[in-house]
Each structure stands twice: as structure tokens, then as C-alpha cells.
Amino acid sequence: MVGQHTLDVVNVSKQFGGLHALRDVNLHVDRGEVLGLVGDNGAGKSTLMKIISGVQPPTDGYVAVDGDMKQFASPIDATDAGISTVYQDLALAMEQDVVANFFLGKELLSHNWFGRRMGWLDRRTMRARTTEQLKRLRTRIPRVDARCKDLSGGQRQALAIARAAAWCQHVLLLDEPTSALGVEQQAQVLDLIRRVRDEGVAVILVSHQMRDVLAVCDRVSVLRLGGVVTSQHVSDLSVEELIAYITGAKTGPAAEQARGDEGKS
Amino acid sequence: MSSSTTPPTTDSSLVRSGWFETRKAALLRDGWIFVVLIGLVVFFSLTSSNFLSQANWLNTSSTATEVMLLALGETFVIITAGIDLSVGAVLGLAGMTGGWVMSHMLQNNTGSTAVVVGIGFAATIAVGVIGGLINGWLVAYARIPSFVVTLGTLGIASGLANLYSNGQEISQLPAWVGTFGNTNIGGWVPVPVLITAILCVITVIMLAKTRFGAFTYTIGDSEDAAARAGIPFKRHLVKVYALAGILAGIDAVLVMTRVAAASPASGATDNLNAIAAVVIGGASLFGGRGTILGSIIGTLIISVLLTGLIVINVAPFWQEVAVGVVLILAVFIDQYSERLRSRQ
Chain A
12 MVGQHTLDVV NVSKQFGGLH ALRDVNLHVD RGEVLGLVGD NGAGKSTLMK
62 IISGVQPPTD GYVAVDGDMK QFASPIDATD AGISTVYQDL ALAMEQDVVA
112 NFFLGKELLS HNWFGRRMGW LDRRTMRART TEQLKRLRTR IPRVDARCKD
162 LSGGQRQALA IARAAAWCQH VLLLDEPTSA LGVEQQAQVL DLIRRVRDEG
212 VAVILVSHQM RDVLAVCDRV SVLRLGGVVT SQHVSDLSVE ELIAYITGAK
262 TGPAAEQARG DEGKS
Chain B
-18 MSSSTTPPTT DSSLVRSGWF ETRKAALLRD GWIFVVLIGL VVFFSLTSSN
32 FLSQANWLNT SSTATEVMLL ALGETFVIIT AGIDLSVGAV LGLAGMTGGW
82 VMSHMLQNNT GSTAVVVGIG FAATIAVGVI GGLINGWLVA YARIPSFVVT
132 LGTLGIASGL ANLYSNGQEI SQLPAWVGTF GNTNIGGWVP VPVLITAILC
182 VITVIMLAKT RFGAFTYTIG DSEDAAARAG IPFKRHLVKV YALAGILAGI
232 DAVLVMTRVA AASPASGATD NLNAIAAVVI GGASLFGGRG TILGSIIGTL
282 IISVLLTGLI VINVAPFWQE VAVGVVLILA VFIDQYSERL RSRQ
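So the protein lines, in turn, are chains A and B.
Using my numbering, the letters of the first sequence map in sequence onto residues 12 to 276.
Using my numbering, the letters of the second sequence map in sequence onto residues -18 to 325.
Just so you know, the hints here were simulated from the structure itself, not pulled from any lab data.
Don't be surprised by glycine CBs; every beta carbon is placed ideally from N, CA and C.
Incorrect hints may appear among the rest.
[Unchecked claim] Stretch by stretch, here's where chain A covers chain B in the computed footprint (C-beta under 8 angstroms, at least three residues):
(1) 186 to 192
(2) 208 to 221
[To be verified] Derived DSS-like pairs: lysine-lysine, alpha-carbon spacing no greater than 25 angstroms straight-line:
(3) B:Lys190 - A:Lys117
(4) A:Lys117 - A:Lys81
(5) A:Lys160 - B:Lys190
All chains, please: the whole structure from these sequences, using the hints.
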């Protein structure tokens, strides 16, 4: 047993030549919980995300899912381990419809022998499941046969999140899901994140939008200069305090403590 | 059906562009070329009583067959956001290889007609497959742009095709070859046309109904999205170019059986016509969009223009002019309807 949580990031460091992008980072997230990950540009958020989602291996330390230490050679490995990532570019196929995007790379085939041999798509079931999942998460996508191109920004974000949530068994990693959206759509995406959390997924939200983080997260970890400055429950935090941690105006007692035993907070 | 999924409140764009508007735009985009095709057929039929004759049908369908098989493969390639400039030259090389094999076996009296023809046809199709695999590998794994790769293999294939007999055609083939290609079922359906029709149906299904088709669309739409979704996009790209190669090989067999000879020049003019047919059929050179049905209609427009102009005694060179106009018009209308849609 190398961790007690749905996702544990343990003593992770990442060096690029002489540059320490991450220093001894520890964090964890559990099912039914949203962890916010904030920090200024260059604080190490992207590097940490890449390590969790399998894009890059850490120099030191490890990632554990449900207590099992994992080594990801590729993002596909991370997905197979139950970690789904929604990137900022959403990775949607714009000319295809909602159903095709929902099942991208995981297309369902007809059950009979001939259908499987020929790779015959089971569009009817794919359509039904897409409709069901979108309905359950109450996304505002009216038609599953609409082309992705014809959806609004919020609808695309909702589709990407709903898709990732449908396939992820354990952890959902969201990169700036609200940054490109209007006010109303932001609120809808935050609602969607809460519903995904309520379905028993561990969510990590990477964001620059402090109010979104405080609104939807249970805990938040602040990265600064490659290290975790503090990990706290959001109820103890204000936007100003968060910004103070991010800019380094405030280092807090947690800063030192966070180095070794962040997991116990 | 789709209305049942509509929640009580929906946001912006899709509210105003309802089912009808979306379909209308799609119809404008995809349906008009069918109208053009029907219009051409009606026009030529009214202008000349010969247009709807059996002779002209056989002529038109043979012309269509040659371009069609290349267009079918080209549709898959173009949907992956690539282009294949080499299939026409590969067609020529494949035919010359098969012809060379058959004429040599005939000279040396090796084997019965069935063996000679069997090996000859197999060699022809094999060259198509190899050409496709080379293109696919260079595009997918060596990461060279498809335009450059296939421009290169276009030159290589047409050069090699001419080397077989110093640019001359090979006509010392078993007599059965010509008989096979010129057998008309019921007087109206030449065997090559029947084979082409079957391949049309198969490719329609492949692209629209199978995972192979879904991967093809996704790769053309966004290679990143495909890669992140775990789609083996490099392997799939190789398959797509190989498919275009197989179809070029089969095309070479059909052309050879129709004219009872192998010519290094076969297919040379078909390649650009095939690309034009696919684009007229609504495929986007940026990838992710296109249908086999569209490409079939595009091919028919090009073939009907060619034989129709001959039938009404207009210099056939006008066909190239007309195809050019239709091509540019097709892309213009496509972009215009896209703009209409995005404005909704």
C-alpha cells in the first residue's frame, strides 16, 4: 500500500536539466471530492498535470491510484488506470456529431459475429447511451446528432467533461474548463463538475478563476515555484488569501508542513 | 426523435438553428450536386437523341468506372486531410507490371490461360497495394506531407511504368483478358461496371457504417483528438493509403481488360479528375468531411460532361473547362452554406 486515497501524488519532483519544475509535491484527492490546483504561470501546474495524465514521467516520486503505484508510459496508460483528462483544447472532432465524439476511439460494435468482424458500428446503442449520460448530467446539449462545430463553447466543454466522466473510473482532471466561457456557461460547467463529483468521481480542477475554485472545490492546493505552498479546505480561504499564496505574499504555516506530510491535512 | 432529448431550456446557438434549418443547410450543401447531375442528364438527353442510347451508356459507364475507383480511395484519403496524387500513376505502373508478367508468361508458354491471368491480375493488384503501403508509411511514420510523398511516388510510378517497354503499351495478353472486360451482362452492364458498382456499395458501408470509417473521419478532423482517444492513427493512415492503392490496382485490371492492353499512360488524367470528383462531392481538403455517395455523384458529373459534350458535337476539351467551373462552384457553395450555418 503506497497511498490511502483515490489518487495520491507522492514526493513528485520533475527536473528539466538544471531546472526544478516540481519539488517534492504531495497531494491527494478522494472520490466525491473536488481538489483545486492553482498557481501562477510557471508554478508547475502544467508539469504536474502532465505527470498525472501520463504525458511525462516524474524524475522522482510516483503517482498512485487506489493505493497502487502507477508508471505511465503514455496518456493511454493513465486513461486505462482510470484517470481521464479534459485538456483545454477539449480534443473534440469538430465535424463529427455529439455521439461520435462521445464514443471517440471507443466506438461500440454490433454484438453478432459478423458485426464484430466487420467493425460494424452500433449507432443505436451509442446514441442511446450518449443521450442517457448527457441527460443524467443535465448538460444542455439539445441534440446528439448535432455537429460539434454547431455547439456553443459551453456545450462543447460540457460534452468533453461528460465524455471524460463517462469513461473515467477514478479521477477526472480538468484543465481550465471555464476560462473561455461566458458567465452563465461558467456557472453551468461548475454545476456539471458538482454532478460529476456526486457520481463518485475524484475531480482535480486546474484553474486561474479563483472564484470558481472557491465555489466548486472542497480543498485547494497552491503551487508556487514548483512546490505546494499550502493545501487547505476552501472554507478557510478567501480569494485574497489564495492570491496571496499564489504570489508569495503569504507563505503560511502550512508551507513548511506541506513538504512532508501534506496527506494528513 | 431528436426533440425528445431537448431539455426545457437550452442555450444560444442550437435554439435558433433547429432541426429543419440544419437539414436545409445540409441539403443545400450535399443535394445541389445531385441536381446538377440530373440537370446535365436531362439537358444532354433533350439536346441529342443519342445521349440515352446503349452505346453512349456503355461509353459513359466505362469512363466513369476508371475515375470512380480512384475517387473511392481518394475519398478516404482526403477525409484524413491528406491527398493522393499518385494513384493514377500507380494505376499505370500496376497495369504495366501485370501486362509485362502476362506477356512474358505467354511468350514462354508457361501455364494455362487461367494461371497466366490469375498471376497477372494478382501482380497488378499487388503493385497497387505496395504503392499504397509506401505512401501510407511515408505519410504516417516518416511524417512527410501527403502532397510531397504522393508527388514523389507519382513521378516514380510513372517513370517505372514507362521503363517496362520504353513507353509503349503491352498488348500481347491472353485473349480472355479482353473478352472479360467487354462482356456486357444483358447488353447494358459491362463486367467492369458491375465490379465498380459492388466496390461502391462496399466503400459506402465501410465509410458510413464501420469503425474504419469513424477512425478515418476522426483522424482527418483532429489528429490530436484521435491520438488522445487512443486511436492507432498511424496504422490507420497506412490502411487508408493501402485501400486507395488496392482500388488503383483493381482499376488497373479493369482498364486493362477493357482495352485488352496495358498502357503506361493509363490513369494519368484520371487522378486529378478523381480528386475533383471527391471535392465536387462535398469532401473537404481540410479533412473530417466527405461521403462516398458525394464522390460517386461527382464522378458521374465528370463522366456525363465528357461523353455528353461529345454526343452533342461540342469539342470534348470543353469538358475540362466545365469540370473546372463545377469544381470551383462546388467549393464556393460549400463554404457559403457553411457560413450560413455558423451565422444561425
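Numbers of the earlier hints that this structure fails to satisfy, in rising order: Of the numbered hints, all hold.
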